[in-house]
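K.L.:
Sequence:
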Amino acid sequence: MSKPYLTGRWAIFQTRTSTEVLGYIIDGVGQSTTPGAPPFQISDGVLFAPDGKRLGHLAPLGDSWAVNLGDHEVGHVLRAMPG
Numbered sequence: 001m002s003k004p005y006l007t008g009r010w011a012i013f014q015t016r017t018s019t020e021v022l023g024y025i026i027d028g029v030g031q032s033t034t035p036g037a038p039p040f041q042i043s044d045g046v047l048f049a050p051d052g053k054r055l056g057h058l059a060p061l062g063d064s065w066a067v068n069l070g071d072h073e074v075g076h077v078l079r080a081m082p083g
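In the working numbering, the protein residues as written are 1 to 83.
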């Protein structure tokens, strides 16, 4: 499966309706919104929180990617950012 979230700029949100950016993934590397704070990370298609907690596998959700919690439940969402 293609993993476009490993290239380009992606913003991480708590839910599908959230507007507050929690962090960024830039070319597959986590970037924090606060200097010096640990970033989110992606490893083998799994999103990890800054504290190292495994949030779950990323799955396509329209133009975005989201943590698939099963039974149509969605966790954190990655949305592509303009260039």
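Warning: the hint list may mix true and false statements.
[Claimed, not checked] Each pair of labels, with its calculated beta carbon distance range: (1) Gly-36 <-> Asp-63: 29 to 35 Å; (2) Gln-31 <-> Ala-59: 34 to 40 Å; (3) Gln-14 <-> Asp-71: 17 to 23 Å; (4) Pro-35 <-> Gly-70: 32 to 38 Å; (5) Gly-36 <-> Leu-69: 29 to 35 Å; (6) Asp-71 <-> Gln-31: 27 to 33 Å; (7) Pro-60 <-> Gly-83: 19 to 25 Å; (8) Gly-8 <-> Ser-32: 15 to 21 Å.
Everything labelled a hint here was simulated from the structure, so no lab data went into it. None of the values given here were measured: they were computed from a predicted structure. Heads up, the beta-carbon is just placed ideally off N, CA and C, and yes, glycines get one too.
K.L.:
Range first: 27 to 33 Å. Now tell me if the beta carbons of Asp-71 and Gln-31 are that far apart.
P.N.:
holds (31 Å)
K.L.:
Verify the CB-CB distance for Gly-36 and Asp-63 against the hinted window 29 to 35 Å.
P.N.:
Given about 31 Å between the Cβ atoms, the range holds.
K.L.:
Measuring from beta carbon to beta carbon, are Pro-35 and Gly-70 in 32 to 38 Å?
P.N.:
holds (35 Å)
K.L.:
Does 29 to 35 Å hold as the CB distance between Gly-36 and Leu-69, or does it fail?
P.N.:
holds (30 Å)
K.L.:
Are Gly-8 and Ser-32 spaced within 15 to 21 Å by their CB atoms?
P.N.:
holds (18 Å)
K.L.:
I want to verify a distance hint. Is the separation of the beta carbons of Gln-14 and Asp-71 within 17 to 23 Å?
P.N.:
holds (19 Å)
K.L.:
Between Pro-60 and Gly-83, does the beta-carbon spacing fit 19 to 25 Å?
P.N.:
Because 21 Å falls inside the window, the suggested range holds.
K.L.:
Range first: 34 to 40 Å. Now tell me if the beta carbons of Gln-31 and Ala-59 are that far apart.
P.N.:
With a Cβ separation near 22 Å, Gln-31 and Ala-59 fall outside 34 to 40 Å, so the hint is violated.
The structure is inconsistent with hint 2 alone, although it conforms to all the rest.
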